[in-house]
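Chain A is already provided as a structure; the job is to place chain B on it using the hints.
Next come the chains, spelled out residue by residue.
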Amino acid sequence: MRDVFIIGTGQTPVAEHWDLGLRELGAMAIRKAMEDAGVETVDALFVGNMLGGAVNGQENLGALLADAADLLPIEAWKIEAACASGGAAVRAAALSVAAGAHEVAVAIGIEKMTDAVGDQVASGLATASDGDYEASHGLSFVALSALMMRRYMHETGVCREAFAPFAVNAHQNAAANANAMFREPISAEQFARSPLVAAPIGVLDAAPVCDGAAALVVCSRDFLQSHHKAVRIAAAAGATDTIGLAGRPDLLTLRVAKASAEKAYAASGFGPKDIDFFEAHDAFTIITALSLEACGFAPRGEALKRAAHGCFAPGGCVPVSTFGGLKARGHPVGASGAYQIVEATAQLRGEAGANQIQGARVALTQSIGGHGSIAVAHILEA
Amino acid sequence: MDLPRYHRLTAPYYRLEGQRCAACGAVQFPPRPACGACRSADLATYRFSGRGTVYSFAEVSQAPKGFSGPYVVAMVELEEGVRVTAQLTDVEPEDVEIGMPVEMVTRRIQEKGPQGYLVYGYKFRPVLQASSQIEQRKAS
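Residue numbers (the numbering used here), protein chains in the order written: chain A, 552 to 933; chain B, 34 to 173.
Same shape as in the complex, but just chain A (with noise of 0.2 Å):
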């Protein structure tokens, strides 16, 4: 297989876009992506989206997109992967100039959740668990995570405010990324006091739903040029887990999270302490607890504690959420994985302004669907 590396980036503000539909930020992140790369065309588009049928009945986003940004006709399709479909289009788009078969293709992550109001949002979310024995019984995608998140508190013994750090740490380092939804730091005290969705999950425990998208350009060795800034994708690997949550022997071990991480880290040669930041997947507080672990950056049932000491904060030994992650950047479910990449890619080449981790040289990202039933992971090197 070739090397491949991203010489491109592009995002949309994560916010809620009244007045953009999904050929619009669609076309922007692909556009601005293709501008910093210095490219007129690409071989191939691979896009990124969880809710295209369920929310926005708008599927076949290949040709919705290849249209939209005036790439016809090149090859273009949709990766599904729930909430990691962003991420999995990144690792489709890569494998396909691994393989030889492209020079040159963009990936994108998008998802346009605003177009539906109500309980469909949530409906949507719900088809990425199982269907007829989750989503059918009124166990809501919240629910899921809550069901971890109880089980994690009782067996380490912490209360929901020890979950504080996390969000209290992305909504910081949101504050400096002007495509931040939320960009107001929070205090441990309002996180503690927020509502509860879904107890033990409280409003400040959960990403928004919003709208965004986020691409990249990615290449072969052949294909770099002396002006292209680019980051090599050391090494990516996707895994899966049961469909339902009841069928995994330990609710608390995140083995998608696990499998995902270790295969990149054989892969790359790379291991936990060679690691300068982590985009976690951190749509729940519980998610990145469990991802913290499962990756190797804290023992089991260890996570809060560290994080309690300022360990996945800036300056910690793994600065995670360096642009606000899920959190507070936003989690613009099938574009995440996508941002996450982005975000990492302005890190390792030095242009991540006042979000800048120093000497910040590999990066691990994972990008997570269904509850931990699929994750993609990638490890970049500046």
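Hints in this document: simulated from the structure, not taken from any laboratory.
Wrong hints could be hidden among the right ones.
What the hints assert, rightly or not - Which chain A residues face chain B? A few, computed with CB under 8 Å, are given here:
hint : residue
1    : Ser674
2    : Tyr684
3    : Ser687
4    : Leu690
5    : Ser691
6    : Ala694
7    : Ala697
8    : Leu698
9    : Arg702
10   : His705
11   : Leu747
12   : Val748
13   : Ala750
14   : Gly795
15   : Ala797
16   : Leu802
Please read all numbers here as calculations on a predicted model, not as lab measurements.
Idealized CB from N, CA, C, for every residue including glycine.
Just chain B now, kept in the frame of chain A:
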């Protein structure tokens, strides 16, 4: 839930029917194409006792389409060792705790299907003994 799907799921929904593997004896729920333990396809229908304990639980405040909250959902560990997620019924959220003994009952699980019929399936309620313990706790 549309009628064809409901029809397909009535056995597991009404009676908590899973499978028992004739080759290795493992039981599983929901039904699968092969035994999850040994991959044998020699599977017989197995009706779970419906008795178990609460392994974890959560309170749903914002109910998905077709449901009306608030209600409590749980992951229940059945006495056969298999876990299942479902709603709890006949209990107040503040009375639920991990480890509480529960039993399966067949109840209405969706308010109203899109064609106007009712969808029934399993829920879990505190077993009689646990109910009386709750009453005792409240009294004391």
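Exercise. Go through the hint on A/Ala694 and say holds or violated, using the shortest Cβ distance to chain B against 8 Å.
Key: holds, 5 Å
Quiz item: Should the interface hint for A/Val748 be scored as holding, given a Cβ-Cβ cut-off of 8 Å against chain B?
Solution: holds, 6 Å
Practice problem: Mind checking the CB of A/Arg702 against every CB in chain B and telling me if the closest is under 8 Å? | Solution: holds, 4 Å
Quiz item: Can A/Gly795 be said to touch chain B, with a Cβ gap under 8 Å?
Solution: It holds, given that the least Cβ distance between A/Gly795 and chain B is near 7 Å, below 8 Å.
Quiz item: Does the interface hint hold: is A/Ala697 within less than 8 Å of chain B, judged Cβ to Cβ?
Solution: holds, 3 Å
Quiz prompt | Cut-off 8 Å, beta-carbon criterion: hint that A/Leu747 touches chain B | solution = holds, 6 Å
Quiz item: Do the numbers back the hint for A/Ser674, that is, is its least Cβ distance to chain B under 8 Å?
Solution: holds, 4 Å
Quiz prompt | Agreement of hint A/Leu698 with chain B interface, Cβ distance less than 8 Å | solution = holds, 4 Å
Quiz item: Would the stated hint for A/Ser691 survive a check requiring a Cβ distance to chain B of less than 8 Å?
Solution: holds, 5 Å
Quiz item: Minimum Cβ distance from A/Leu802 to chain B below 8 Å?
Solution: holds, 7 Å
Quiz item: Any CB of chain B closer than 8 Å to the CB of A/His705?
Solution: holds, 5 Å
Quiz item: Does the interface hint hold: is A/Leu690 within less than 8 Å of chain B, judged Cβ to Cβ?
Solution: holds, 5 Å
The structure shown violates none of the earlier numbered hints.
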